[in-house]
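Participant: Let the sequences and hints guide you as you build the complete structure.
Sequential numbering from 35 applies to the sequence shown in our numbering.
Keep in mind the hints are simulated off the structure, nothing from the lab.
Derived CB-CB ranges, DEER-like:
(1) 65 x 139: 25 to 33 Å
(2) 139 x 86: 43 to 51 Å
(3) 49 x 73: 33 to 41 Å
Virtual Cβ for every residue (Gly too), placed ideally from N, Cα, C.
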Amino acid sequence: MAGERVAAAGRGATTIADRVLAKIAAQAAREALDGVPEGGEAPHASVLVHHDVARLRIGVELDYPCDIGARCGAVRRRVAERVHALAGMEVPEVAVMVERLHSAQSRAAQGRIQ
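Facilitator: Following this line, the structure appears as structure tokens:
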């Protein structure tokens, strides 16, 4: 019907690149951890999207000692919330991989070696 207007939502599609979702997830992980350990790498993420459902893998480095389970739980919650809020995608799975622990003792030893 020539005179009818089609709502904006019905006129097109929005596509969000995987790298954009990965960047959102990495930033959310950084927020959940309150930053990066001294001498550590920032969190990084990879994403698999299928029909507006995102599955994420987050690599993090943590200070030692810490409650690893609690820190990983905080990352999972924050990442799922932010990806859902900013990209509108369901996030049924956030796998957090602790890739390295940084202790104050090892940082002091590295300082003496250099």
